[in-house]
Amino acid sequence: MQKAAEYWNPGKVSFWTEAGTPMVIDRREGYFLYDMSGKRLIDLHLNGGTYNFGHRHPELVEVLKSGLDYFDMGNHWFPSVARAAFAEQLVNTAPHTKYAIFGAGGAEAVEIALKTARYATKRKKIVSIIKGYHGHSGLSVATGDERFSKIFLADQPDDFLQIPFNDADALESVLKGRDVAAFIIETIPATYGFPMPNDGYLKACQDLCHKYGTKFISDEVQTGLMRTGVMWGWQGYGLKPDIFVCGKGLGGGIYPISACLVTEECGQWLVEDGAAHISTAGGSELGCLVGHHVIEMLQRPEVISNIKFVTEYFAQSMKEMMARHSDFFVGVRQRGVVLGLEFDHPEGAVAVSRALYENGVWAIFSSLDKSVLQFKPGVVLDVDTCQEIIDRFDAAMPRARQILKSGRRVA
Amino acid sequence: MSEHQVFNTPRLEVPDRSLSRARMKVDRAAWASRYFRNFNRKAVLEIAESIAEAGYNRAGEFAELAVSETGYGVVEHKKLKNQLCTYELLNYYRDLDLVTPRVDAARQIIELAKPAGVVFALAPATNPVATVYYKAMLAVLSRNAIVISPHPAAKKTSVLAAQHLAAAAEAAGAPSGLIQCVEEPSIPLVQDIMASDRINVIIATGGTAMVRAAYSSGNPALGVGPGNAVAYVDPSANVAATAKCLVDSKSFDNSVLCTNESVVITLEKNRGNLERALRSAGAHICNEIDTDKLRNYLFGGEGFTLEAIGKSARWIAEQAGVRVSPATKVLVPVVATPGQDDLLFHEKLCPVLTLTAAVDFEQAVTFAKHTTRRGAGHSAAFHGDNSNRLVDFSQKMPVYRVVVNAPCSQGAAGFATHLPPTFTIGTGFAGRSSVGENVGPQHLVHWTRIAYAKDSKVNLESIDLSDVTTSGNPTAEVQSRKSVTEPVDSGVRDELRRLILEELQNLKGDAQ
Ligand SMILES: Cc1ncc(COP(=O)(O)O)c(C=O)c1O
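Protein chains in written order, with our numbering: chain A, 1484 to 1894; chain E, 561 to 1072.
By construction, these hints were calculated from the structure, which means they are not laboratory data. Where a beta carbon is used, it is the ideal one built from N, C-alpha and C, also for glycine. Each hint should be verified, as a subset may be incorrect.
Stated by the list, open to error - Calculated cross-link-like contacts (lysine to aspartate or glutamate; reagent style EDC-like; alpha-carbon spacing at most 20 Å):
| id | chain 1 | residue 1 | chain 2 | residue 2 |
| --- | --- | --- | --- | --- |
| 1 | E | Lys1017 | E | Glu671 |
| 2 | E | Lys889 | E | Glu907 |
| 3 | A | Lys1605 | A | Asp1662 |
| 4 | E | Lys956 | E | Glu997 |
| 5 | E | Lys674 | A | Asp1867 |
| 6 | A | Lys1548 | E | Asp576 |
What the hints assert, rightly or not - Computed footprint of chain E on chain A; a stretch qualifies when at least three of its residues, placed anywhere within it, have a C-beta under 8 Å from a C-beta of chain E:
| id | region |
| --- | --- |
| 7 | 1782-1791 |
| 8 | 1816-1828 |
| 9 | 1860-1874 |
So here's chain A without its partners, still in its complex pose (with noise of 0.2 Å):
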């Protein structure tokens, strides 16, 4: 801790402190952290769904360590039989898109869908939503929320607009006058805290945006790979963006790997100059492999029968959990196993978060909305876990209601 303090981030250190979950990963396996003491937590945070095949999945090991065998991250100027069959892979998963352009992680890949989006219209506008969340890098990080971007002077009031979720009107406001290049939306927002889109929201916008010649950006980094109940987030609201991206899970959380897809139209940097977007870890051959193995493990019969059961799993027993807590465990956001669980507290899933991990299970709150307590159970969960899960959620409750008045009190 006080190494990390001290040459790391001393900044997250003493936050984490501060929060009351003072974790440092040691061992980890299947859905299960062990910090430096032994102590066991669940993982229901799995890093936004990086691990939604839990920590170390053997058969995805097994896949990575076979590939060092014959792999390196291979180069990237040049194509490859990994990355052609992943990208052939992934296409086939969305056929109204094209190409598929690989990069190493998810800010990477909005990066990519970013500048596709001004290529093809060759307009530069970009407007997202206000509390969206695309990454850090230069184009995404103007996108998002201004705490991140204002402090290394990377805000770019001008070209990047916001405007509030759920809003198809306000949407419609700044489309109208025809120079906007995309319009980046996660298709349920998770650093938010998961708030659902209206009926027929994500659809109108789509609508909207080609009424005015805008590209429609779905990020699915946390709502893509089956975790919403099918492949992809748009899926299931009957959307075809123009262009979408995915990263976290796509590397089984053991090698970094992230995709941006893309419609034929808007991918015709690629025939004009291939070059334009170069990547050195971007699309390794490793993590080709490696996703090329996770997609194909979530299309099969047993994992989509799983997400289905521990979907339903948890949409019981919140209900339950609510109906015994209602005094201030007000609310569940859910689509497949994706969950925000809104507490009647402006940092009651902190709260909370701190009194789950005291019993044992770890899941983080949202940064931009700190009333919504991230559940995020993975794909592979079995019975028993899920079991063990709601019992300790229970028991915590208490916990978190002290902490809360306690809380209230000092404040």
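Fit chain E with the ligand to the supplied structure of chain A, relying on the hints for placement.
For chain E with the ligand alone, kept in the frame of chain A given last:
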């Protein structure tokens, strides 16, 4: 390294995904079990009825597939066996309620049924479909989820049969994943799953090694090993009827059931009679030379000649170089005296029935006992009317079924007798197994017994037990009548919704 190198080794070792998939199946089964274990009797019977119907309808088709995939057995007979594992099996257990709580007012005890959970079942190559049908039905009737690992030689057919039943179960309201089958079975996979703490009980049917492995796995197991049934023909028997039983039994599905007679023994004075009767029933009685040829063919290599399993009598005769009439159903090598060492006294899963004769009843029993040791705990047959001898024989034989005046294969398996119909014959303590009966759904349920003090006088009838079971799947989500793949494109759904709204508005307009 040379300047141009050709690599012969495979570029990439793709790891085996079948084990991981099998583990996922077990987890999925655990989810299914979580819901199914609380279903009420009506819901359970509906599902059972549905898989019986589905199984019955495609019994013939799967029989053909099984024979063409494995090369074992006779299509017509397999079809019959498959059918027997549908309605017949269900009807036998229909009134055995393993679901509803039992109230015993006199003893002041209430019993609540607790299914095992996830059953891991092994199925042999010789009866692939019937075993899948049978074990799936047992699982459903006892409210368990089941993952079947078929014999690799029969995996395609087994998977199809299991999927067919699974779909029928789901259509009748079962949670998805209730009946599953491993697509790529292998010995390491089976060992891994058997030892896993995610399964609750194993039903192992198969060779000795597999059954022993099941028992050593650390999980509760119902293991059932090979048989080597002896039929004793008493001089009091009607030889014509007996011979017909023996030939029918031994030729049934080319003798791949482990309950098939392996050896028939009678008394010296009766041997001629029996031989004649067998011959008229369609058996070929071998002379000494033919007997030697058969022995050589069947046991000349290392152990039993596997290619002979489930083949017809004519085919085997041809391979062995024995000339038989085309109508021959069974080959009968004759070993004049009942010594222990003749290889022809070993188990033979093919229509070859060794005949021998003893000087008296005592010698016959002694011989039968020893022969049966090789398939201990299994079955035997008795032909005749002498009930003293029947009891004596049954008392001395280390078997748990003695079939009387009936074909042993169908008799011990409960199809020609009133024994419970089964494809898992409990071989009991004599066969180093935990069950000695024909395995049924009752073996997959334990009961929680709520026991009051001896002198208490609680009115048990007034206790509300209605919450113990549910009327079926509580939620639409897990109800997998809906396809597991992509949901209806919501574009289409929106369009439908719009049309319906329009329709409604038109209706309203009309009314105004
Ligand atoms: C929705 C969304 N988009 C993009 C990103 C950025 O991904 P990365 O951190 O891999 O750059 C994140 C990461 O949290 C995210 O949640």
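Here is what the structure says about each hint:
1. Lys1017(E) with Glu671(E): 17 Å, holds
2. Lys889(E) with Glu907(E): 18 Å, holds
3. Lys1605(A) with Asp1662(A): 9 Å, holds
4. Lys956(E) with Glu997(E): Distance of about 18 Å is within 20 Å: holds.
5. Lys674(E) with Asp1867(A): Distance of about 17 Å is within 20 Å: holds.
6. Lys1548(A) with Asp576(E): This hinted pair holds, its Cα atoms lying about 13 Å apart.
7. 1782-1791: holds (count 8)
8. 1816-1828: violated (count 0)
9. 1860-1874: holds (count 4)
Hint compliance for this structure: hint 8 alone is broken.
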